[in-house]
Amino acid sequence: MAWAGSGVAQTWSGFVETRGFAYADRASVRDPWVVGWATAQGTVEQRVSPSLRLSATLRTEVMSTGDRDLFLDLADRDLRRTAISLREAWVSWSVAPTVDVEAGRLLLGWGKTDGYSPADAFLPRDLTDPFADEKLPLWGLRTRGQAGALRFDGVFVPLGTPWRVPVSSPRFAPVDSTVAGLPVIVVDGENDLPRTGWGALRLLATFSDWDVGAWARTGIRPAPLLTPRPDLAFLDGDAVAVPSDRRYAREDAAGIELSRVSGAWVLRAEGAALFSDDPGLGDALIWTVGVERAFGDGTLLLTLAANARATPVDPLLLFDRAILPAFLAIWQRTERWGSWRAVWTQGLRHGDGLVKGEVSWNATDALAITLGADVPYGSRSGPFGSRPDLRRVRAGVRSSF
Amino acid sequence: MSRRRFPLASPHLALFLLAVLAFPARADEARSLLVQSEERHRTKSQEYEGDLAVTSKDGKERRKSWRSYRLGYAGDSKMLIRFTAPPEVKGVGFLSLPRPGKNPDQWLYLPSMKRERRIAAQDRSASFVGTDFNYEDMEELDHEKYDVKLLAEDTVAGQPCFVIEARPRSDAGKSLYEKKLLFLRKDILYLVRMDLFRSGEKEPGKRLLLEDVALVDGRHVARRMTMQDLGKGSTTVIRLEKLAFDRPQPEGRHTLQNLVREGGD
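Chains A and B supply the protein sequences, listed in that same order. Heads up, the first sequence is in the numbering used here, so the first residue is 23 and it goes up one at a time. Heads up, the second sequence is in the numbering used here, so the first residue is 18 and it goes up one at a time.
Derived from the structure by calculation, the hints contain no laboratory data. Errors might be hidden in some of the hints.
Distance condition first, Cα-Cα at most 27 Å in a straight line; then the derived DSSO-like pairs of lysine-lysine [to be verified]: (1) K191/B to K259/B; (2) K95/B to K162/B; (3) K131/B to K196/B; (4) K157/A to K107/B; (5) K131/B to K378/A; (6) K219/B to K95/B; (7) K203/B to K219/B; (8) K166/B to K131/B; (9) K157/A to K166/B; (10) K77/B to K107/B; (11) K107/B to K259/B; (12) K378/A to K107/B.
In silico contact screen, one side only, chain B against chain A (beta carbon under 10 Å); selected entries [to be verified]: (13) R59; (14) D122; (15) P267; (16) R270; (17) Q274; (18) V277; (19) R278.
The C-beta atom is built at its ideal place from N, Cα and C for all residues, glycine as well.
Construct all of the structure, not just a fragment, from the sequences and the given hints.
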C-alpha cells in the first residue's frame with residue numbers, strides 16, 4: 023500500500039505532571055488530608071513501513087501515600103498501581119487498506135453513550151483515583167477493519183486484567199459499623215486472579231443518519247466480586263480489620279448501539295443483556311440513552327443509564343453497575359485560554375450524586391495548570407454519598423512535549 | 018411633438034433605471050468570474066501540513082499543527098485532518114464525508130478515549146479550535162450559495178483585483194455573515210482577500226488575506242492565510258506546507274478505519 027510521503031517515521035511525546043489533592047474531611051487518622059502525585063509518561067510511535075506501526079507508552083508514578091507493592095508489573099494484575107507501568111506497547115499491521123491486525127498491550131474504547139456505556143463499562147478500570155475513570159490496558163490480539171459501510175472489531179484477551187479497586191481504607195471503603203466500640207475497616211484479602219480472559223466481537227455500520235452496532239463477548243468479567251470475611255477479622259490498632267476477598271466470575275453478554283444525527287443534535291442509545299450463573303452477580307439488562315449538542319465552543323452531553331434487573335447483591339459491590347440508575351450531565355467548553363468542564367452525576371436510586379468541576383489554563387502550548395473539585399453528596403446508602411470523605415479540591419501542573 | 022413630451026421624470030430616475038438595467042449584467046459578470054475561477058482552480062485532491070498561530074491583542078501566541086488530506090472539491094470532497102501539535106490535541110482526527118443534498122457525515126477520533134464519535138455538522142458560527150476562523154470560514158467558498166455582484170476594481174498587495182459582493186442566499190443555510198467582499202486577482206482569478214461583514218456592520222468585522230501565492234503542481238495556491246478579527250485585534254495565521262495537488266490518494270485513507278488508526282495517515 024503506497025502512501026504519499028511514506029517512509030520510516032518516529033515521533034516522541036509525553037508529559038510530566040504533578041497533582042495534589044486536599045480532602046475536606048476524614049473519618050480516620052489513617053487517611054491523609056493531602057495527597058500528592060508525580061507522573062512522567064513517554065510515548066514513542068514508529069512507522070516502520072507504510073503498513074507496519076509500533077507504539078509504546080511507559081509511565082512512572084510516585085504517590086505520597088506510598089500505596090505500592092511492586093516496582094513493575096507488566097500484566098497490571100497487582101492490587102496496587104506500580105511505580106512503572108507499561109500503558110501501551112503494540113504493533114499494528116495493515117493487512118489490507120482498511121484492515122488492521124494489532125497485538126500487544128492495548129487500550130480499548132467502545133460504545134457510544136457518554137459518561138456510561140454498557141459496551142465500554144466492562145473494560146477494566148484503575149480506580150486508584152476513583153473519580154478519574156482511567157482504563158487499564160490489556161494484553162491481547164485485535165483485528166478490525168472496514169468493508170464498505172460495515173466495520174468489525176474483534177478482540178481476544180487470553181489472560182484477563184482485573185479492575186484495580188481503590189485502596190482499602192476508611193476514605194475509599196467506609197464501613198458504617200462498629201465492633202465492641204471499635205470502628206470497622208476493610209482490608210485486602212485473597213485475590214483469586216482470573217486464569218483466563220475473554221473475547222469480543224463488535225460490528226458497526228452507518229446508514230444515512232443512523233449508526234448501528236452490535237457486539238457480543240464471553241469470558242471472565244474483569245470487575246471483581248467482593249466477599250467480606252468477618253470470620254477472618256483481626257484487631258488492627260484502634261480498628262477491627264475485615265478482609266475482603268476478590269473473585270472473578272464468568273459472564274456472557276450481547277448488546278446493541280445506535281446513534282443518529284438529527285439537526286444539531288446527536289442522539290445515542292445502547293442496550294446490553296448480561297448473563298452469569300454466579301449467584302453473586304446474576305443477570306443484567308442495562309440500557310442507556312444520551313444526547314449531545316454543541317453550543318458554539320461548548321458541548322452538552324446528557325445520558326440516562328439504568329439496569330432493568332435487580333442485582334442479587336448491593337450494586338455498590340459490583341463496580342461497573344454501582345452507579346445505576348443514574349443521570350449524567352457533562353458540559354465542556356474550549357476557551358482561548360484553555361478549557362473548563364462540569365460533570366454532574368445524579369444517582370436515581372438513593373438520591374446521592376457527584377459534582378465535578380475543572381478549569382484548565384494553558385499557560386503556554388505545552389504547560390497547563392488545572393484546578394478542580396470533586397464533591398460527592400447525598401444519601402450514605404448510595405455509591406457517592408457513602409463516601410463523603412472523598413470531597414476534595416485538586417490542582418495540577420502538566421508540562422507536555 | 019417636442020422632446021418635452023417624453024422627458025425623463027428626473028435625473029435620479031435616469032440613474033435608477035441605469036442601475037436596474039446594469040445590475041443583471043454586473044451580477045452575470047461576477048458569476049462568470051467566479052465560475053471561471055472555480056474551473057481554473059478546481060483540484061481533484063489536496064494535501065498539506067498546516068501550521069496555525071493565533072496571536073492575541075496582547076501578543077500572546079498559541080500554535081497548532083495538523084495534516085490535511087482532501088479528496089474531491091468543495092461540497093463533494095472527503096476530508097481527513099489529523100492534529101500533530103500541541104501535545105493536548107496530538108492524534109485527534111476529523112473525518113468529513115459528503116452526502117448528496119445533506120450535511121456531510123462528520124466524525125471525530127479522540128486518542129484519549131480511544132473512541133470515534135459521530136458529530137453533528139459543526140455550528141458554523143463556532144470558532145475553529147479556538148482561532149479567529151469560524152467553521153464557516155474554513156469551508157471552501159461555494160459561490161452558488163451566494164447572490165453576487167461585481168462592484169469595482171481594487172488593488173491588493175500591488176495586484177489588480179475584481180471586487181465582488183457576495184450575499185448568502187436565504188435557502189443556502191444560515192450564515193454568520195450578511196455580506197462578503199471577495200477580491201479576485203485579475204490575472205489568475207484567484208481569491209486573495211475576503212472582507213467579512215456580520216449583520217448590521219458597515220465596516221468588515223473580519224478580514225481574510227490569502228498571501229504568498231505560489232504555483233504548486235501547476236496550481237496557484239496561497240501558502241499563507243491570515244484572518245484578522247478587526248474588532249478584537251487578534252490574528253490567526255495558517256501556513257500551508259508540503260502542499261500537493263491531484264496526487265493519487267491511498268485507498269482507504271478517507272475511511273473510519275483510517276480515522277481510528279493511530280499514526281497511520
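Cross-check of the supplied hints:
Taken as a hint, the K191/B and K259/B pair is broken in the structure, with Cα atoms around 34 Å apart against an allowance of 27 Å. With a C-alpha separation of about 20 Å, the suggested pair K95/B and K162/B falls inside the 27 Å cut-off, and the hint holds. About 41 Å separates the Cα atoms of K131/B and K196/B, which puts this hinted pair outside 27 Å; it is violated. Proximity of K157/A to K107/B is assessed by CA-CA distance (about 20 Å); at most 27 Å being required, the pair is judged to hold.
This hinted pair checks out: K131/B and K378/A have alpha carbons roughly 22 Å apart, not beyond 27 Å. Distance check on the hinted pair: K219/B and K95/B sit about 36 Å apart at the alpha-carbon level, beyond 27 Å; violated. At most 27 Å may separate the alpha-carbon atoms for a hinted pair to count; K203/B and K219/B meet this at roughly 26 Å. For the hint linking K166/B to K131/B, the alpha-carbon distance of about 48 Å lies beyond 27 Å, and the restraint is violated.
Only pairs whose Cα atoms come within 27 Å are accepted, and K157/A paired with K166/B is rejected, the gap being roughly 57 Å. Distance hint between K77/B and K107/B is fulfilled; the C-alpha atoms sit about 21 Å from each other, no more than 27 Å. Of the supplied pair hints, the one linking K107/B and K259/B holds, its CA atoms being roughly 19 Å apart against a limit of 27 Å. Taken as a hint, the K378/A and K107/B pair is honoured in the structure, with Cα atoms around 25 Å apart against an allowance of 27 Å.
Proximity of R59/B to chain A is violated relative to the hint, the smallest CB-CB distance being about 20 Å (cut-off 10 Å). Annotation: interface hint on D122/B holds; nearest CB of chain A at approximately 7 Å, less than 10 Å. Nearest Cβ of chain A to the Cβ of P267/B: about 5 Å, under the 10 Å cut. The hint holds. About 8 Å separates the beta-carbon of R270/B from the nearest beta-carbon of chain A, less than 10 Å, and the hint is met.
A hinted interface residue such as Q274/B counts as satisfied when its beta carbon comes closer than 10 Å to some beta carbon of chain A; here the least separation is about 4 Å, so the hint holds. A distance limit of 10 Å between C-beta atoms decides the matter here; for V277/B the minimum to chain A is near 8 Å, and the interface restraint holds. Nearest Cβ of chain A to the Cβ of R278/B: about 6 Å, under the 10 Å cut. The hint holds.
Figure legend: structure checked against the earlier numbered hints; hints not met, in rising order: 1, 3, 6, 8, 9 and 13.
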